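There are 2 protein chains.
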Amino acid sequence: MCRFCSYARSARRPNRDRCKREHMEQAAIIEPAEIVIKIVIILVAAKLFGELAERVGQPSVLGELLAGVVLGGSLLGLIEQNEVLRVLAELGVIILLFEIGLESDLEEFLRVGSSALAVALVGIAGPFAAGYAAALAFGLSHTVAIYIGATLTATSVGITARTLADLGQLKTSEAKIILGAAVIDDVLGLIILAVVVGLAKTGIVNAWQISKITALAIAFLVGAIAIGVPVAPRLLNVAKRLRTRGILTVSAFVFCLGLAYLAHELRLATIVGAFAAGLVLARTEDLAHIQERIKPVADILVPVFFVMLGVSVDLSVFSPVNPHSQAVLVLTATLLAIAIGTKLLAGLGVLRRGVKRLVVGVGMIPRGEVGLIFASIGLARNVITPGEYAAIIAVVVFTTFATPPLLKAAFQAGKKKVPIAE
Amino acid sequence: MCRFCSYARSARRPNRDRCKREHMEQAAIIEPAEIVIKIVIILVAAKLFGELAERVGQPSVLGELLAGVVLGGSLLGLIEQNEVLRVLAELGVIILLFEIGLESDLEEFLRVGSSALAVALVGIAGPFAAGYAAALAFGLSHTVAIYIGATLTATSVGITARTLADLGQLKTSEAKIILGAAVIDDVLGLIILAVVVGLAKTGIVNAWQISKITALAIAFLVGAIAIGVPVAPRLLNVAKRLRTRGILTVSAFVFCLGLAYLAHELRLATIVGAFAAGLVLARTEDLAHIQERIKPVADILVPVFFVMLGVSVDLSVFSPVNPHSQAVLVLTATLLAIAIGTKLLAGLGVLRRGVKRLVVGVGMIPRGEVGLIFASIGLARNVITPGEYAAIIAVVVFTTFATPPLLKAAFQAGKKKVPIAE
Numbered sequence: 036m037c038r039f040c041s042y043a044r045s046a047r048r049p050n051r052d053r054c055k056r057e058h059m060e061q062a063a064i065i066e067p068a069e070i071v072i073k074i075v076i077i078l079v080a081a082k083l084f085g086e087l088a089e090r091v092g093q094p095s096v097l098g099e100l101l102a103g104v105v106l107g108g109s110l111l112g113l114i115e116q117n118e119v120l121r122v123l124a125e126l127g128v129i130i131l132l133f134e135i136g137l138e139s140d141l142e143e144f145l146r147v148g149s150s151a152l153a154v155a156l157v158g159i160a161g162p163f164a165a166g167y168a169a170a171l172a173f174g175l176s177h178t179v180a181i182y183i184g185a186t187l188t189a190t191s192v193g194i195t196a197r198t199l200a201d202l203g204q205l206k207t208s209e210a211k212i213i214l215g216a217a218v219i220d221d222v223l224g225l226i227i228l229a230v231v232v233g234l235a236k237t238g239i240v241n242a243w244q245i246s247k248i249t250a251l252a253i254a255f256l257v258g259a260i261a262i263g264v265p266v267a268p269r270l271l272n273v274a275k276r277l278r279t280r281g282i283l284t285v286s287a288f289v290f291c292l293g294l295a296y297l298a299h300e301l302r303l304a305t306i307v308g309a310f311a312a313g314l315v316l317a318r319t320e321d322l323a324h325i326q327e328r329i330k331p332v333a334d335i336l337v338p339v340f341f342v343m344l345g346v347s348v349d350l351s352v353f354s355p356v357n358p359h360s361q362a363v364l365v366l367t368a369t370l371l372a373i374a375i376g377t378k379l380l381a382g383l384g385v386l387r388r389g390v391k392r393l394v395v396g397v398g399m400i401p402r403g404e405v406g407l408i409f410a411s412i413g414l415a416r417n418v419i420t421p422g423e424y425a426a427i428i429a430v431v432v433f434t435t436f437a438t439p440p441l442l443k444a445a446f447q448a449g450k451k452k453v454p455i456a457e
Numbered sequence: 036m037c038r039f040c041s042y043a044r045s046a047r048r049p050n051r052d053r054c055k056r057e058h059m060e061q062a063a064i065i066e067p068a069e070i071v072i073k074i075v076i077i078l079v080a081a082k083l084f085g086e087l088a089e090r091v092g093q094p095s096v097l098g099e100l101l102a103g104v105v106l107g108g109s110l111l112g113l114i115e116q117n118e119v120l121r122v123l124a125e126l127g128v129i130i131l132l133f134e135i136g137l138e139s140d141l142e143e144f145l146r147v148g149s150s151a152l153a154v155a156l157v158g159i160a161g162p163f164a165a166g167y168a169a170a171l172a173f174g175l176s177h178t179v180a181i182y183i184g185a186t187l188t189a190t191s192v193g194i195t196a197r198t199l200a201d202l203g204q205l206k207t208s209e210a211k212i213i214l215g216a217a218v219i220d221d222v223l224g225l226i227i228l229a230v231v232v233g234l235a236k237t238g239i240v241n242a243w244q245i246s247k248i249t250a251l252a253i254a255f256l257v258g259a260i261a262i263g264v265p266v267a268p269r270l271l272n273v274a275k276r277l278r279t280r281g282i283l284t285v286s287a288f289v290f291c292l293g294l295a296y297l298a299h300e301l302r303l304a305t306i307v308g309a310f311a312a313g314l315v316l317a318r319t320e321d322l323a324h325i326q327e328r329i330k331p332v333a334d335i336l337v338p339v340f341f342v343m344l345g346v347s348v349d350l351s352v353f354s355p356v357n358p359h360s361q362a363v364l365v366l367t368a369t370l371l372a373i374a375i376g377t378k379l380l381a382g383l384g385v386l387r388r389g390v391k392r393l394v395v396g397v398g399m400i401p402r403g404e405v406g407l408i409f410a411s412i413g414l415a416r417n418v419i420t421p422g423e424y425a426a427i428i429a430v431v432v433f434t435t436f437a438t439p440p441l442l443k444a445a446f447q448a449g450k451k452k453v454p455i456a457e
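Protein chains in written order, with our numbering: chain V, 36 to 457; chain S, 36 to 457.
Just chain V, with the same shape it has in the complex (with noise of 0.2 angstroms):
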């Protein structure tokens, strides 16, 4: 409610936008106790929808982003963007990355050795280059075309680790293949990121800006590891003589919230410093406790950031009223062709004979968090236009949605052609 008037929450739209133009330099329009209700809302939402998906087989994550369309302006309305609500989805993101970081071990993917390599590879130059060229294809420009491409790359490694496990087959050599490849395609994709951060900053498409990028994103994860992981033990040590409580906490938050904030002053998104400060804390003798740590906050945090990408989709693309619907819905089927097509590829980039390739193929279909981390920076730079956001979130949840079946058949494909060779 606001202190000048009689705007209320029951107020209509235009009472709500003169009060917010009247008095906003005079009181906080957002009023701590609606930003409360809208967290129960946005929580209780995630959880329920997240639980349906569970119950179907689903990733949850899957639910919470359509909780987040459900609640959004396309159909109840009930949350809308608003700068407290984009500043916790933040905070939820980066708790994820940094997350993310803390649960990878950069030397045990390195042994699954060239295989994973190659898929990671094959998996990231397919999407892009074909991306790019339907895009072109599209009439769209070169800046929208490298941001689509990019998009396409990312493997989800969470949803694929997921459904591995779902299945029981995460000791094969399937999925370590599938598990080091996504791994490389999350390096990979933040450096992709990084170059497409750049690119809606600065809207130049060079090989000199694109390199350069490239460069600064490599020196920042190499720097950040190769000083993080000699200073990091010490700077806790010092850290844990303070007789302040929950310094532990405190102190791992603040080193990803600072690597956070250094990545985004280089230019970087600051998910890349998020993930960097957990590679080098996943190396330290405290990992499980800042992980025992870390995980409640993500716990509130992260559903809120996925919550908050489903608000973003305006469905409204979709409809037959809107003129573009038919341009939307040919966009999104001839990406969701190449997403699925061009990873199904990169499973032929498997070295190692014995290996389902089709399994493979499969499991590197899922684009997630990364995927939908590059389309919101897109929208909200307006790189990329509402129709061709919805086209891409469209992707991610197709892809998602189709991976759990797809790879549990794909198995079971490959054990009918094995009993008779055995």
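Please keep in mind that the hints were generated in silico from the structure rather than gathered at the bench. Predicted, not measured: the structure shown is a model, and the values here were computed from it. One thing to keep in mind: the hints can contain errors.
Which copy is meant is left open, because identical chains are indistinguishable; a pair holds if it fits in one copy or across any two.
[Said to hold, decoys possible] 20 angstroms max Cα-Cα, derived SDA-like pairs, lysine to any residue:
no., residue 1, residue 2
1, 275, 75
2, 275, 86
3, 330, 280
4, 275, 76
Chain S: place on chain V using the hints.
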């Protein structure tokens, strides 16, 4: 940085103000990355000043307040109030009261019995009456006088308990009476808070209004506990059957925020609801798990609240250049004398024999969180002036600073007599 003009963090104030005025509706002025670095600054300063406070034998909350004063506009000017930080601070105080609720055991302090109740009642009535009378004598209005009286009532459980633990005196009957009385103080303080918040919202002071708010506050607390205690374990059991990640953390957090919002809707303070949520969940079998998971969230958010309280202190009211500075100083000294004198008097309320009344009185001196919350609500709603706010903050700071050494001295003064008697 602003998307529409060259305003950057380095820009001077007039440019930023112009940008804010002109571009506020087109773009979010608050970039998430700006908040990220501010959270880093707040948490690092909170921990450094908290540590310094601990090293000189003071509770770390004092250091956090000082950190805010140093970071705020009066000195370094690194942190200023904004919508996002205000919401994070509000979430911090909500979590703090939720934690205090989780730690409270209604039955335990009922056993300490009549002495604690007598000390609590004298310790509430004394400061309130004396503060009210003094404020009227200073020519302030009835509303302001009630507000100032109210801020002088509540004892800080946190600071008292921490000091007693530091002195190794937690098991003495003095300690039990002090803690029991401080808990009763807290509950009564929350009712008084509900009254003063209602006062701040409506501006009306009459017996009917006060008794309505008091009845509402008691009905809310009793109702939340009466309904919550049987219902909460069932809700938790339903939630625990869900398969999604972090369900206990999210359930506890949502329960806390939900009751906080309900309290707000009933014109009570959000923290009354959070405290009630804590009391209810304190009686479930999941208490230990909930505390473990809420702690990291509190570790990060609670310091934001205390630092932002410090940021809101305007030191210039004490400056000799300020024409009212002398009045503020006289008000501060008067309120301080009342705050200490009346609580020492409360020590005489001890009914049990063989208890050091001086120790109990001194133990009741520290004013803390609740007093600060009263003051910040009063300032935000323009009930009290920045000068009166600064005087209240000074009283809280001085009483908190004074308690640890005074309590130590009071215990030792008692000891000198005992050895001869034994």
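Going down the list of hints, with the structure as the test:
1. Proximity of residue 275 and residue 75 under a CA criterion of 20 angstroms is satisfied inter-copy only: 18 angstroms between copies versus 34 angstroms inside one chain copy.
2. In this assembly of identical chains, the alpha carbons of residue 275 and residue 86 lie at most 20 angstroms apart only when taken from different copies (11 angstroms versus 38 angstroms within one copy).
3. Proximity of residue 330 to residue 280 under the C-alpha cut-off of 20 angstroms is found in both arrangements, the shortest distances being 18 angstroms within a copy and 10 angstroms between copies.
4. Proximity of residue 275 and residue 76 under a CA criterion of 20 angstroms is satisfied inter-copy only: 19 angstroms between copies versus 37 angstroms inside one chain copy.
When each numbered hint is compared with the structure, no violation occurs for any of them.
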